[in-house]
Every structure is written in structure tokens, then in C-alpha cells.
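**Q** Protein sequences, first through last, are from chains A and B. For the first sequence, numbering that gives the first Met the number 0 gives the first residue as 0, with consecutive numbering after it. For the second sequence, numbering that gives the first Met the number 0 gives the first residue as 0, with consecutive numbering after it.
Take these hints with a grain of salt, some might be off.
[Stated by the list, open to error] Chain B regions said to be covered by chain A (calculated; three or more residues, Cβ under 8 Å):
#, region
1, 25 to 33
2, 46 to 57
3, 97 to 107
4, 122 to 135
5, 210 to 222
[Stated by the list, open to error] Where chain B lies over chain A, by a calculated footprint (3+ residues, C-beta under 8 Å):
#, region
6, 122 to 135
7, 163 to 174
These are calculated hints, taken from the structure and not from any lab test. Glycine is no exception: its CB is placed at the ideal position from the N, C-alpha and C atoms.
The lines below spell out each chain.
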Amino acid sequence: MAYLQAILDGILLGGVYGVISTGLSLVFGVLGVVNFAQAEFLMVGMYVAYFAWAYLGLDPLIAAPLAFGVVFVLGFYSQKLLVGRVMSAPPAAQIFLTVGLMITLENGALVLFGSDFRSVNVPYQIQGFRLGELFVSAPYLYAFLWAVVITGALWLFMARSWTGRAIRAVAQDPMAATLAGINTARTYNIAFGLGVGLTAFGGAVILPYITVSPTAGVQFAVLMFTVVVLGGLGSTTGALVGGIVVGIIQSLSGLLFPIQLQNLVLFIIFILVLALRPQGLLKGV
Amino acid sequence: MRLKPTGILLLVLFVVAVLLPLGLDPRGNWLRVMGTVMIFAAAAQAWNIMGGLANQVSLGHAAFFGIGAYVSTLLYINFGISPWIGMLIGALVAAGAGALICLPTLRLTGHYFALATLAFAEVCRVIANSWSSVTGGPVGLTIPFAGDAPMLFQFRSTVPYYYIILALLVVVSLVFWRIQVGAFGYRLRALRETPEAASVVGVNVFRTKMIATMISAALTALCGTVFVQFTFFFDPDSVFSLTTISIRLAMIAIVGGLGTLIGPIIGALFLLPLEEVAITLLSSQASGVAQLAFGVVLIAAILIEPRGLVALGPWIMRRLKGGQPSAPSDMTAKGETNV
Numbered sequence: 000m001a002y003l004q005a006i007l008d009g010i011l012l013g014g015v016y017g018v019i020s021t022g023l024s025l026v027f028g029v030l031g032v033v034n035f036a037q038a039e040f041l042m043v044g045m046y047v048a049y050f051a052w053a054y055l056g057l058d059p060l061i062a063a064p065l066a067f068g069v070v071f072v073l074g075f076y077s078q079k080l081l082v083g084r085v086m087s088a089p090p091a092a093q094i095f096l097t098v099g100l101m102i103t104l105e106n107g108a109l110v111l112f113g114s115d116f117r118s119v120n121v122p123y124q125i126q127g128f129r130l131g132e133l134f135v136s137a138p139y140l141y142a143f144l145w146a147v148v149i150t151g152a153l154w155l156f157m158a159r160s161w162t163g164r165a166i167r168a169v170a171q172d173p174m175a176a177t178l179a180g181i182n183t184a185r186t187y188n189i190a191f192g193l194g195v196g197l198t199a200f201g202g203a204v205i206l207p208y209i210t211v212s213p214t215a216g217v218q219f220a221v222l223m224f225t226v227v228v229l230g231g232l233g234s235t236t237g238a239l240v241g242g243i244v245v246g247i248i249q250s251l252s253g254l255l256f257p258i259q260l261q262n263l264v265l266f267i268i269f270i271l272v273l274a275l276r277p278q279g280l281l282k283g284v
Numbered sequence: 000m001r002l003k004p005t006g007i008l009l010l011v012l013f014v015v016a017v018l019l020p021l022g023l024d025p026r027g028n029w030l031r032v033m034g035t036v037m038i039f040a041a042a043a044q045a046w047n048i049m050g051g052l053a054n055q056v057s058l059g060h061a062a063f064f065g066i067g068a069y070v071s072t073l074l075y076i077n078f079g080i081s082p083w084i085g086m087l088i089g090a091l092v093a094a095g096a097g098a099l100i101c102l103p104t105l106r107l108t109g110h111y112f113a114l115a116t117l118a119f120a121e122v123c124r125v126i127a128n129s130w131s132s133v134t135g136g137p138v139g140l141t142i143p144f145a146g147d148a149p150m151l152f153q154f155r156s157t158v159p160y161y162y163i164i165l166a167l168l169v170v171v172s173l174v175f176w177r178i179q180v181g182a183f184g185y186r187l188r189a190l191r192e193t194p195e196a197a198s199v200v201g202v203n204v205f206r207t208k209m210i211a212t213m214i215s216a217a218l219t220a221l222c223g224t225v226f227v228q229f230t231f232f233f234d235p236d237s238v239f240s241l242t243t244i245s246i247r248l249a250m251i252a253i254v255g256g257l258g259t260l261i262g263p264i265i266g267a268l269f270l271l272p273l274e275e276v277a278i279t280l281l282s283s284q285a286s287g288v289a290q291l292a293f294g295v296v297l298i299a300a301i302l303i304e305p306r307g308l309v310a311l312g313p314w315i316m317r318r319l320k321g322g323q324p325s326a327p328s329d330m331t332a333k334g335e336t337n338v
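Produce the complete structure using the sequences and hints provided.
**A** Pasting the structure below:
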């Protein structure tokens, strides 16, 4: 039963990991840049939701679209002013530009908000539902449901809207997309904003069961990369599947190993996947 | 062979470095700062063998740095083995770890390789933190004080450390230079440009990368041992740190000039004193300001001149010569930035 419970928790966690990682995957898939600062945008999203709760009294679940919007704008201009300039540069320049962005965002938050751990207070925080012998925690469930909704919305946006199609066209072939009349530079801005915005959305919905601090992003960085590499860099559906797989692994390893070693399991899986199937689990199967 | 401007500059820097302790207060802070500058220059030079010559951008050199620190210190604390010997054992262990990480990752390049090395260093950090019975866990390790004991790598004055570190920097730089100008360096550069073509003309891709990684790892481990002998105290989060070790080493090499002999030296001379000044000036401000400046400098360096400070050399040379506008001299000057 404990295993079944762990798997259930893992799925609920994993759905959110999926949304968080979809953003990273989208950025890589469209821009071909691995964004090492992605987890810091998650942290920014958490802060937006936190302050919306502290000053406006908004529930983080309601503030999540606000977090998406704020970080979308931030991402849009980060891409326009910084990342866009190294898109044709060698990987070393791209890696270190985003690493620089990561350091800047993390310490910017430290300077602005201090190193305190902050958490929100919402009525459903310790509630839950009984499902036979299983227990479903309310904040985990709500976060999961929101994650499913936003993933569906993203899918609709990418499949139906003109901008979504433009993003996919640019990802496939920027040259051909330009010839078809798509403003490639602007599409990159939007794709980056959308990617980091989704991650920030994920950060906001988990706020009811997690604390925020300037280093909140770091713990998600390797997790995010593991999810994305499992699903195949650039694949957004892969990221969702990868997220749920990682959620279950993390939850099960919590049963089997002491808490400090949970991340170790994740890292080892990460290195193994990179070594054995760097193209991801889904591709070519 | 005519001595190139960078060669002259390196000689001048070396002479200044040798004479510097005569002019600085032996107990003062600046001598320690210069020691730190040179340790990081040496470690960045070791990183440069992989990151610069082979273009295998590693974000996990803290793993090797920390292995050097832990192996020598644990051997000393538990078995009384002098850190002088422990340092060499640490280098061997790090070379072994380098070979180990090569097995699954060598087929990877660019982003994938950076991610894999990053995860590897994190694995080391988690192990050092949780295997408390051996590593001391998150509390860290303090090197037992033995007074003035040269055989045990301990001195009361900063000056002997300073010269040991200078020697280390010279050794690592010589290794880098030897690789750069030798056949091995040509093989590495061939791999960097097009691995397929290099493989066709007979370069053993796997072996070449593996040897470069092992050399780089071993040299980084030496720096790790010397660093902790110099600071006397360390914990897993400081020696296996992503930002203060792994990223900093890469950043020093990149800001100075990727793949160049003088790059890491200039980079360390520029960045670390800047950081020191920022910390002294801004320490009254909120914490994080100095690190924030660090991040901004990194972004600015990459956007302004991705080739690093070294690329400014030819520009300065032209100014010194009185601004000869001829194009050919410009061309040769550009060519020299790679040396």
C-alpha cells in the first residue's frame, strides 16, 4: 500500500514537474539554447505568487496566471536583449550567458528580498481526501490539476493559434519560416517568454506546499534537466511523460533511501540517461 | 624564434609575481588575495585544457577540485600521510574519476556534456554531505594545525604558500603550453573543429579526449589540495560548489580568453581582485551584491567580447605603436590572439 501511495504522490508531483520542464524543453526546442537560468525564472514566479498573496491576498493558484504574465514579459526582454545575441555563437557562449543570467537573478532576488524562507498560508494546506486506503493531499491535487489544464492550453495554443504555428515553424526551419513571412526574431522572443512563463506558472502552483527563497530554483535545476533529457530535449509531450516518471522515481526513492540520497538517485538516473539515450526515451521507439 | 607580445607579457607577469612578496605586507590581506588569484588561475588553466583546447565545456570541475581537497586531507587526518604525498594520490584519484566520467559522457558534446559534468559534481557534493562517517559530512573538515611544518605542507607565514602556489601555476601553465604546441594539442583542436574529419585522418577520438580529461582532472585536484592547505578549513558545499568553483573556473578562462595560455592568468588577475574590492566596498550592503556584480560581469563579458580580454591585446599593441592603420598588421595581430 505504501508503494501505491508513493506512486500516487509521485504522479501528482510529476504532473507539476512536467509543466515546469515543458518550459525548458520549449526554449531548447525552438531556440536551440539550453537555458541554465530556467530554474531561476521558476523562483521569480514563486516570488510573484508570494507577493500577490502577501499584499493582494490572492491564492497562489489564482496568482499563477499573474506569475506567468510577469515572467513572460521578463523572458521576452531577456531573450530580446541578451540571449538573442548569442544564438549563433558557439555553445560555450550560450552556456555562460545563461549561467550569468542565473547568477544575476538568484543574487538579485537575494539583494531585493533577503535570504528568508517565505511561505503562504492557505486554508486547504493540510486538507486531503480519502480514496479507499489512499490519501490525496489537497495542495498536491490542485497543483496537479492546474498543471494538466495549462498543459492542455499550451497544446491548443501550439496546435491552433497562428503564433503557436509560427513557433513550431521556426523550430523546424527558421529560414523557411522567414520566407513564409514569419517574424523570426519576434517568434524567438515569444517562445522564450512562453517557456520561462510556463515554468514560473509551475512555481506558483506549488507554492502552497513549498517555501520560496532566492535559492529555491537550484533544487529544481537538475530535476528539470533530468525530466527534459528523459523526455528528449525539445519534446514538450516528452517533458510531461518525463515529469511523471521522475515524480514517481523521486517518490519511491523516498521510501527506500534516506532523504539526503533522494537527489543522488535523480543525478545518477540523469547521467545514465545522458549516456545511454541522449535522444530521450520516447524518440525512435 | 621571435618572442611574441604575449610571451613578453607572461615573462613580465612572472617576474612581478616573484618579486611581489618583497613589496607586500607578509601578514597582509593582499598577499593572500594574490595567492588565491594564482590558485584559481592555475585551476582555470587546467579547465582550459578541456574547455579551451578540446571544447568540452565542463561545468563540473568542482568534482576534481573537491576530490583533491578531500583525498589529501583525509589521508593526513586518518593516516598521518603528508599532504605532499596525499596531493599526488588525490591527483591520481581525480584522473581516475575523470576517466570514469568519460565512459558515459564522451560521446556527448556541447550542452549535453556540460549538463552531465554538472550532475557529476553534484553527485560528489551529495556523497560528501551524506557519507558523514568518512567525510565529516556538512560540518566540513579542519586541517589539524601543526605549526611551522614544511614536511606537512604547513607554514606560519603566507610567503611560502605564495611561492608554492606560484610554482603550481607555472607547472600547470607549462603543461597547457606543451599540449597546445605539441602534436596532442593539434589532435585536440582537430577534434574541436570536426570530430568526424579528425577521426578519418587517424585521431583516436575517444582516447584523445579521455587523456585530456584525465590530465585536466589531475591538475585541478592538485589545485584543490593546495587551496585547502592554504585555507585550513572546507566543507562539501565550498569545494564542490557549482558557482564558486565550477562556474568560476570556466568564467575566468572565458573572460580572459578561451583556449589561450595567458587567458586564465589575465582572467583571474582581473576578476578575483575585482570581486575582493566589491566584497570590501559592498559588504555593508545586503548580501549577494558582490555575486550579483559577478553575474553581470559574466553576461557583459560574453556580449561585448566573447573571445575574452586577450582580444583586446592587438588593439592595445596598435595604440602603442602609434596607430598604424595598415590592414595586414591587423590580420597578424588577430592571428596571435590564439597563442
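**Q** Flag every earlier hint the structure violates by its number, smallest first.
**A** 1, 5, 6 and 7
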